[in-house]
Each structure stands twice: as C-alpha cells, then as structure tokens.
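Engineer: Could you build the full structure based on these sequences and the hints that come with them?
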Amino acid sequence: MSEDFAVPEKSGAEILIDTLIEQGVDTVFGYPGGAVLPIYDALFQHKKIRHVLVRHEAGAAHAAEGYARSTGKPGVVLVTSGPGATNAVTGIADAFMDSIPLIVLTGQVATNLIGSDAFQEADTVGITRHCSKHNYLVKDPADLASTVREAFAIATKGRPGPVVIDIPKNVQVATTSTDVKRATSSRFNPAGEADYAEINRAVELLANAKAPILYTGGGVINSGPDASAALRELAELCGAPVTSTLMGLGAYPASGDAWLGMLGMHGTYEANMAMNQCDVMLCLGARFDDRVTGRLDAFSPDSIKIHIDIDRSSINKTVRVDLPIVADVGAAMRQMIEVWKGRKYKAAALDDWWARIKGWRAVDCLSYADSTQEIMPQYAIERLFAATKDKSPIITTEVGQHQMWAAQHFHFDAPNKWLTSGGLGTMGYGLPAAVGAQMGNPDALVIDIAGEASIQMNIQEMATATQYRLPVKVFILNNEWMGMVRQWQELTYESRFSESYSDSLPDFVALAEAYGWKGIRCSDPAKLDEAIAEMLAYDGPVMFDCRVHKTSNCFPMIPSGAAHTDMILHSDEVSGTMDDEAKALV
Amino acid sequence: MHIKQELTERHVLTLTVDNEAGTLARIAGMFTSRGYNIDSLTVADISEDHTTSRITIVTRGPPPVIDQIIAQCERLIPVHKVTDLTEAGPHVERELALVKVRGTGDQRVEAMRLADIYRARVIDATVNSFIFEITGGPDKIDTFVALMREVGLVEVGRTGIVGLMRGAEGS
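Chains G and P supply the protein sequences, listed in that same order.
In terms of our numbering, the first sequence has 321 at position 321, counting the first letter as 1, and numbering is strictly consecutive.
In terms of our numbering, the second sequence has 739 at position 153, counting the first letter as 1, and numbering is strictly consecutive.
Honestly, the hints are just simulated from the structure, not real lab data.
Since the model is a prediction, treat every value here as computed from it, not as a measurement.
Beta carbons: idealized from backbone N, C-alpha and C, even for Gly.
Take the hints with a grain of salt, since some may be wrong.
What the hints assert, rightly or not - Within a straight-line C-alpha distance of at most 30 Å, the following computed DSSO-like cross-link-like pairs (lysine-lysine) qualify:
{"id": "1", "chain 1": "G", "residue 1": "K389", "chain 2": "G", "residue 2": "K583"}
{"id": "2", "chain 1": "G", "residue 1": "K527", "chain 2": "G", "residue 2": "K389"}
{"id": "3", "chain 1": "G", "residue 1": "K341", "chain 2": "G", "residue 2": "K358"}
{"id": "4", "chain 1": "G", "residue 1": "K139", "chain 2": "P", "residue 2": "K667"}
{"id": "5", "chain 1": "P", "residue 1": "K667", "chain 2": "G", "residue 2": "K157"}
{"id": "6", "chain 1": "G", "residue 1": "K583", "chain 2": "P", "residue 2": "K667"}
{"id": "7", "chain 1": "G", "residue 1": "K139", "chain 2": "G", "residue 2": "K73"}
{"id": "8", "chain 1": "G", "residue 1": "K391", "chain 2": "G", "residue 2": "K73"}
Unchecked claim - From the derived model, a few chain P residues whose C-beta atoms are all more than 10 Å from chain G:
{"id": "9", "residue": "R612"}
{"id": "10", "residue": "A630"}
{"id": "11", "residue": "L662"}
{"id": "12", "residue": "T669"}
{"id": "13", "residue": "G722"}
{"id": "14", "residue": "V737"}
Structural biologist: Shown next as structure tokens:
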C-alpha cells in the first residue's frame, strides 16, 4: 500500500469506543479515575454512547447486571484501576454466579509500571481471574479491537458471564494503524442443539412418566424469550407441573395452571413435595444448587433425572443424573417439542399425580397470620403485587427475608422481570440493579423490594437515580432487623441475636428528600393500599419506608441439612437449635 | 463433628492450551479455588508456531470430582482439549529426576552400583559427589530416591510427569 492510502492511526481509547459502538453498546455504567482518563476523553467526544455516572463502582457493576438481565443485552462497566476495579469485584463475582453477560473495562497503570506498586495499581486480572468467565490484560492497542470482539462473544454466548478487560493507560494513549484485524478467534464454541438420540430418549421418558416434573432455572431466561415460549409449549404438551429456581421465575407464568411456585429452601410445599415424589425430573437450565436440593442423599430419591444444560460442568456436579444433555436449553426444548409432535405423543394420564399435587396445595403453605394492627411483610408484598401486576413491573431485590417473601408472594408472568442476586446473595444489589433496569427500560415500572439493612449497602446510588431522572421505586420492608440473620439465629442458635439488630437507622423519608426523592412511610395496614397508590402515582423516584411486623419469619423453610419432606411450615414447629452437622452448612 | 475424608483415585490429565499470559495461573488457580489437588504439573510449549502448550497434571480425587475437574478445565477459554490418560487406557508416564549424593569410599561405590541397576546416568561428578539423571515412572524414581537417602542424598529435583497414549493415535 502506498503512503497515500495509509490508514489513519487511532489511539487505544478511540479504538475501544469504536469497537463498543460496533458491538451495539449504547449505555455504559462507570466512574472516572486517573487510569481511565484517556477513555473518558474519547467518550466525551463520542456522543453515541450514554455514560451513566454511578456513585460507587459496586453500583456500576450491579447496574450493568440489572441492565443486562432486563434487556437481554450485555451490560458494560467502565472503572479505573486499583480501587475502581476492586470495588467492582463483588458485582463481577455476582454476575459470574448468576451467569449474567457483562463487559467490565478497567483502567490499569502503564505497562512499564505494572508490578512496581504504582499509585492505584492492583493486580486486576489476578483478582478477577476466578470470578470472571474470562479476562484479559491488553498490552498493545493493536490487540484491543479483536480482544473486545472476542470478549463480547464470550460474555454473551454459551453460559453467559462477566468478562474483564484490563487496559493500561499507555495502551489507551498509544496509537496504531486501524486496519489491524486479527483473525476472529474460533476457540470459543458453546453448545447449541442437542443430539437427537438424547432428545428422543428424553421425550420418551417424559411421555411415559406417571409423575413428571419440569424443574426450570435461570438458563431458560438466559437462553432468550423464545426459550420461555418453548417452555410454555412443552409444559402444555406433556401436562407436567412446573417449578422453578429463584433465578428462573417468570420463564413459566405464575398464573399458568401447571405452576407449583418456586422450589427449594423457601419454596412451596407442593413444589418440594412434587420434586421429592416425581418419577421423571426434567431439569432445564438449573444447576441443583444447595438451596434447591436440601439434603443431597434425600433429594428426589426415586426419579429418573434428565438434565439439559449448556455448561457441562453443571452436570453431575452435586446430583448424579441419568440422562445428561449438553445443549442450549431453548434449542433443546424446541427439539423436544418437534419430536413430541412428530411422534404424535399424547400427554400421559396424570390425574393421580395432579390429585396428589392438589393435596399438597391444600396445605396452603404460604398462608400467614394476618394482623389488623401491624403490616405483615407478606401482606405488604401481596398488596404491592395487586397494585402493580397490570403494569408488568420489573422487580429487583436486595438479599434476605424480603427477597424470599418477594419470590413467594410477587408473581411473574414474563421473563426478564425479576432481577435478584441468587448465587452470590449480594446485599446492596437491588438499588443499582433497578437503576440499570430503568436505564434499559425507560418506560417500565421498576421497583426495588428492599430490606432496611440491605438498602444501606449501596444507598449512594439514590443520587444516580436523581441525576438521570429515573423514577425507580424502593419499597423497603423495614422490620429493624437483618431479618434472615435474625431468623437463623432464632432457629439455630436459641435466639442469641448476635449483631443482627439494625440499630441507628436513618429516617428514610428525610433521606429520600435529601436526595431529591419523594419519601413515604406507612405502618398501618388499613392505609397501605393508599400509600402504595401514592408511590405509583408519583412521577419520580420514591423511597417507601414500609414498617412491618418485626419478628416475622420466612416460611415455609427447609432447614439447613434437611430433606424436601422435612419442611418447616409454621413457626410453632421450630426447635431453636441444630446439631453441628447442620450448623456447618451454609 | 469431624471432617470426613473420602477415598481418592490418582489421574493423569493432559491439557492442550493456548500459550498466552495467565493460562497457567488460570488453570492452577482454578484447582486451588475449587479445592482440587495437584500432585504434579508440567507445562511446555509444544507447537512450531509457539501458540500451543501441553500441560500434564497429576491429580487425586473421588471419581465424581475427577469428572468435575475435567469439566471445569474444559470450561476455561484457553483450554482446547482435556484428556484423562488414566481413563483413556494404555499410556506411558515418564518423569525425570536429578539426584545429588555425597560420600566417599564404600558409600560412593554403593551409590554408583545402585545407579547402575536403576539405569541412572552420571551427569556430574567430583571426588566426593555425583549427580545422577534418572527417568522412569514415579514409582521407580521414588524407590531410587529412597535408596539414595541411605548413601548420602544431598538434594533432588523432579520434573513431574509427562504422559502419552500408547499406540499410533494421538490423544
């Protein structure tokens, strides 16, 4: 090529921004700092990308998670080196556990300073190596575009997850010819369709089952809206009941006839009993998590287990299955439907099975003693659901009792509406996630169902909502306790409430006003509906301090180390102590 | 309450990986973070264009854990292929050790005699020391090192195991 046709050189920062735009990025959650100043300067000159300035880097990562989960697009984070990166680590680990696609761009000190304990230096690739799906340290601007492209492929394909790209400051500044194009990598080849021999076997097992169950998880949501549609069709064809993990809520509609409710530690009696008693279990994009299985040697002892998962390492990790299928769960369900229809299978006569389920449902495990004096936390969720269900709200949560009550008493009919920290269990997730979800869905009603303890862990993000005029609602179930800790101390440690009281709480209404939000407080069950209506009518962010009964426990509950059949349904069945084996389990 | 120990099996795994910064740390760190054992680990570039390395890991665990180890290795982006030589069938394993002994008189003669029996080669000698080079399976090397302890062992360096499938096919 002659000099006349030389391709113009661009800086690493410009190449980065160009590649983000090429990958369809329109929103970035970040916080500037010394080691990312060149990128922020490039951002300043490109108006195509909207930057959301958070108030803490943990908030950036959780906001990107909320954006990703509610839109199905990868969330992008931009933070500086050292403390910027380490603050983002909790969100990266959270996204890794819950399989959320994130691209995390971190600044790094210049390549010649790496390892010299330079100002704001941290070994970001070392720290994030085992809590990310993959990570990179880019040492040459010529490698940036291909690295970013591969990172997007890795983050979004297969089992999604966070990918970290650490970019030294001199690599952001240095220029390179922009025609550098490394061959697109083919080293990442996620599973797609399933083998038809396996699908045929799965369909045969399901069609001949007398007591089948579909156990669904976050994989169905991650596989995309069509996977949720396929699940509904498959459930209809085979007539089996459907339960879901915390992560999978909304994939099958809670208003559907086959819905049993969530399973697991705080799942419904009917879901857990059906899991225990089924003869064929079809696990769709779930991973037999310890919150779901309870005591492993008593987990669904007599069933044939089929497990469809895109990640082979999720299969046979804790529970041995009879028919493992490594495939995209949406594609595999479509194949099952095709085979089912092709072979003209009829749903087996499941009347006996449904009669038994009806018996378990009659236990009415989510019932609670209501009160006219105090707002029961379950009642608050029920009223919030009743007031918002026609608005198709996006619900985020923090972690604890309020999260489980929300999972039990709020009902989801569509995927991507329920954003909660499942695997890592990160308090402080809900508010930034709501910010991210509202950025991605400007017209949606976004509500963070929170606890008074969790909300304080990322409360600084109230300012982010104010700045971007995000009308998020924070609905705090305020019982003045770290409720789940208090509950475990009551059940396992003979009510020795060590450090679990939420002392010195702020005045949440005054706090809301200080941030330019509206604050509402309610402690009277008779006035709750009116107060919720006031919250929903306000065109702007609202913090709702819902004063609830202080010592309510979340039931039903499978105690630590117990089997599905040993559920505690009511507080009068609680012994107040546990043996060491049970105490040692998380 | 006491911590229970489980019965374990020894497996030799070979991994074909991208030869790039951080790959070894990613694999070794994954073993640590998930609580898997590493008895030995060897790694070297094996490709003409220096893009691919082969890692041989000797690990121990109950069969389901070995299965998980393989799945977790395969999940790492730079790992292209994992073969469980122990599971795959007939294979050879070799390790190299350098063994230094010090002594004079009968002890020195005995060390030399034993080295001869074990087909160890002398690669350095002074009037009162030898360095032997020995290759073989880990048992042979363990036994040889144990014998050398009796005749003046000073120090030993071992490479860890490399292995290949027997026969004409690659793994």
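Engineer: Which of the stated hints cannot be reconciled with the structure, identified by number in ascending sequence?
Structural biologist: 1, 6, 9 and 11
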